[in-house]
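Chains as they are written, first to last, in the numbering used here: chain A, 1 to 378; chain B, 1 to 120.
In case anyone wonders, no lab produced these hints; they're calculated from the structure. If you're wondering where the values come from, they're calculated on a predicted model, not measured in any experiment. A few of these clues could be false.
As the list claims (entries may be wrong) - Reference excerpt, derived from the structure (chain A facing chain B, CB under 8 Å, subset only): (1) 34; (2) 43; (3) 267; (4) 306; (5) 308.
Unchecked claim - Computed spacing ranges between beta-carbons, pair by pair: (6) B:28 / A:319: 16 to 26 Å; (7) B:43 / A:308: 45 to 55 Å; (8) B:50 / A:284: 45 to 55 Å; (9) A:215 / B:50: 42 to 52 Å; (10) B:59 / A:316: 19 to 29 Å; (11) B:50 / A:91: 27 to 37 Å; (12) A:215 / B:77: 53 to 63 Å; (13) B:108 / A:22: 23 to 33 Å; (14) B:50 / A:317: 15 to 25 Å; (15) A:141 / B:60: 29 to 39 Å; (16) B:43 / A:92: 51 to 61 Å; (17) B:108 / A:316: 48 to 58 Å; (18) B:44 / A:319: 28 to 38 Å; (19) B:77 / A:365: 19 to 29 Å.
The beta-carbon is built from N, C-alpha and C at its ideal position, and this holds for glycine as well.
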Amino acid sequence: MDETAALKTTPLHALHVSLGARMVPFAGYDMPVQYAPGVLKEHLWTRSSAGLFDVSHMGQVTIRARSGKYEDAALALESLVPVDILGLAENRQRYGFFTDDKGGILDDLMITHMDDYLFVVVNAACKEQDFKHLQDHIGDSCEVTLLDRALIALQGPRAVDVLAELWADIAYMKFMDVRHCRLHDVSCLVSRSGYSGEDGFEISVPADKAEDIAKRLLEHPDVQPIGLGARDSLRLEAGLCLYGNDIDQTTTPIEGALEWAIQKARKAGGVRAGGFPGATRILGELDHGTSRRRVGLKPEGKAPVRGHAKLYADAEGESEIGEVTSGGFGPSVESPVAMGYVPTEFTAPGTTVYAEVRGKYLPVVVSSLPFIKPTYKR
Amino acid sequence: MLKFTEEHEWLKVEGDVAIVGITAHAAEQLGDLVFVELPEVGASFSKGADAATVESVKAASEVYCPLDGEITEVNEAITADPALVNSDPMGAGWFFKLKLRNVGDLDGLLDESGYKELIG
Chain A
1 MDETAALKTT PLHALHVSLG ARMVPFAGYD MPVQYAPGVL KEHLWTRSSA
51 GLFDVSHMGQ VTIRARSGKY EDAALALESL VPVDILGLAE NRQRYGFFTD
101 DKGGILDDLM ITHMDDYLFV VVNAACKEQD FKHLQDHIGD SCEVTLLDRA
151 LIALQGPRAV DVLAELWADI AYMKFMDVRH CRLHDVSCLV SRSGYSGEDG
201 FEISVPADKA EDIAKRLLEH PDVQPIGLGA RDSLRLEAGL CLYGNDIDQT
251 TTPIEGALEW AIQKARKAGG VRAGGFPGAT RILGELDHGT SRRRVGLKPE
301 GKAPVRGHAK LYADAEGESE IGEVTSGGFG PSVESPVAMG YVPTEFTAPG
351 TTVYAEVRGK YLPVVVSSLP FIKPTYKR
Chain B
1 MLKFTEEHEW LKVEGDVAIV GITAHAAEQL GDLVFVELPE VGASFSKGAD
51 AATVESVKAA SEVYCPLDGE ITEVNEAITA DPALVNSDPM GAGWFFKLKL
101 RNVGDLDGLL DESGYKELIG
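Make a model of the complete structure from these sequences and hints.
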């Protein structure tokens, strides 16, 4: 079987190939893992200038209440995510997650309040099942549509100035604001958010205009194309979870240290407390804690500690306590960085645990996340 | 004498000792290296055994021992500065010196033109 034969492509596929990208299969798509400069330089470029990422493989979904009212769409989605969506201001975005009946995480997503509907962005590998999940549970009251649009992220300190040359008002947007705008006469939906820890934007564009927009952005001397390799190292330094690695159906939001995403309205005593799958467990964990938690891990030595490395309480590897879920080298931190799960008694920053790497037990220090100082424009 | 393996290592042979490194092609495929772990001097390896580890931002890869032998010297300069492997893979970015158990084993390796054909 030729695996590549079944791979899907994004509207920017031909552009990636023409730019000399190294293509790899990712979530069913043939995607650029890096371009000629390589992961290290692409990572540093994004932190110092502006990196362009094709994230068109992600799912873009609209949810419209059949009543036509935003409130009804918001309340419907609140039955699936433990986030205050009714209280989300218009043109604002919020992070959230679909939970299951056991309190596990089915996927994480970005949720936006557009005038009378919701616009959500979900992970590529989960988009079909998320769409079905939405259809099955709120399809009676809402029209759920999986859009055929491209998604281009422009991340880094120069991103705002690059885009302001096309649309001056972009400078007035704040972190997690979302606006309709025209870029090169193309109708786009822009959010000031991303997955790099930097200030930046994600731009939803019609599929047939994506290559034109991307090419024009890449003409700017401050913009370089960035592959999935650097996208991963950037988000790891920023302490952001990768669904399927750091969070999944076996982890709850509280174990995943994502309780910040659950607003007061949905917590015990809130105006719309609970009412989402797994609420009993998740709200219980908010009150009573969990036996394990996701933490940042900083290896003391120079050797990277990667995902699936086992964690031990002792340097002899006798008492296994957890596992690394993401790890690698942080080009901006200039040292290895990782995250993983440890029992609650090991979560204090500064605690030393040991990671098994090629038969050795390397000291790693529990560290607060993120590893870099984010530059979001709040 | 310069020899190559199908696993993208090069050997510069003087007498029964080979200086071993990875090829420019391998270094380019791996990308910028951020970590190198070298074997202990005095360690013996069989052909194909994991002798060193190289890591890029994204992934770890093993460097195999190209032939049976004993490590007589390692290049600590590349553990201090892994980027040397990328900038000068066939020179300052060498990995270790290997005292060959059997010099005749070299006959089974590729010469430069054979390796160029391999990487096409």
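(request) With a cut-off of 8 Å on the beta carbons, see whether residue 308 of chain A makes it to chain B. (result) With Cβ-Cβ at 12 Å, over 8 Å, it is violated.
(message) Under 8 Å is the threshold here; is the Cβ of residue 306 of chain A close enough to any Cβ of chain B for the hint to stand?
(response) Check passed: Cβ of residue 306 of chain A comes within 7 Å of chain B, closer than 8 Å.
(request) Please test the hint of 48 to 58 Å on the beta carbon pair from residue 108 of chain B and residue 316 of chain A. (result) Given range 48 to 58 Å: violated, Cβ gap about 41 Å.
(message) Can you verify the interface hint for residue 34 of chain A: is its Cβ closer than 8 Å to any Cβ in chain B?
(response) holds, 7 Å
(request) Given the range 51 to 61 Å, decide if the beta-carbon distance of residue 43 of chain B to residue 92 of chain A lies inside it. (result) holds, 60 Å
(message) Let's test the interface hint: is any C-beta of chain B closer than 8 Å to that of residue 43 of chain A?
(response) holds, 7 Å
(message) Just to be sure I understand the hint, the distance between the Cβ atoms of residue 141 of chain A and residue 60 of chain B should be within 29 to 39 Å; is that true here?
(response) violated, 49 Å
(request) With respect to the beta-carbon atoms only, verify the hint that residue 215 of chain A and residue 50 of chain B lie 42 to 52 Å apart. (result) With a Cβ separation near 44 Å, residue 215 of chain A and residue 50 of chain B satisfy 42 to 52 Å, so the hint holds.
(message) For the hint 16 to 26 Å, verify it against the beta carbon of residue 28 of chain B and that of residue 319 of chain A.
(response) Between residue 28 of chain B and residue 319 of chain A, where Cβ atoms are some 42 Å apart, the hint is violated.
(request) For residue 50 of chain B and residue 317 of chain A, compare the CB-CB distance with the range 15 to 25 Å and indicate the outcome. (result) Since the Cβ atoms of residue 50 of chain B and residue 317 of chain A sit about 19 Å apart, the hinted range of 15 to 25 Å holds.
(message) Within 45 to 55 Å: is that where the Cβ-Cβ distance between residue 50 of chain B and residue 284 of chain A falls?
(response) holds, 47 Å
(message) Between the beta carbons of residue 215 of chain A and residue 77 of chain B, is the distance compatible with 53 to 63 Å?
(response) About 43 Å separates the Cβ atoms of residue 215 of chain A and residue 77 of chain B, which means 53 to 63 Å is violated.
Hints 3, 5, 6, 7, 11, 12, 15 and 17 from the earlier list are contradicted by this structure; the remaining hints agree with it.
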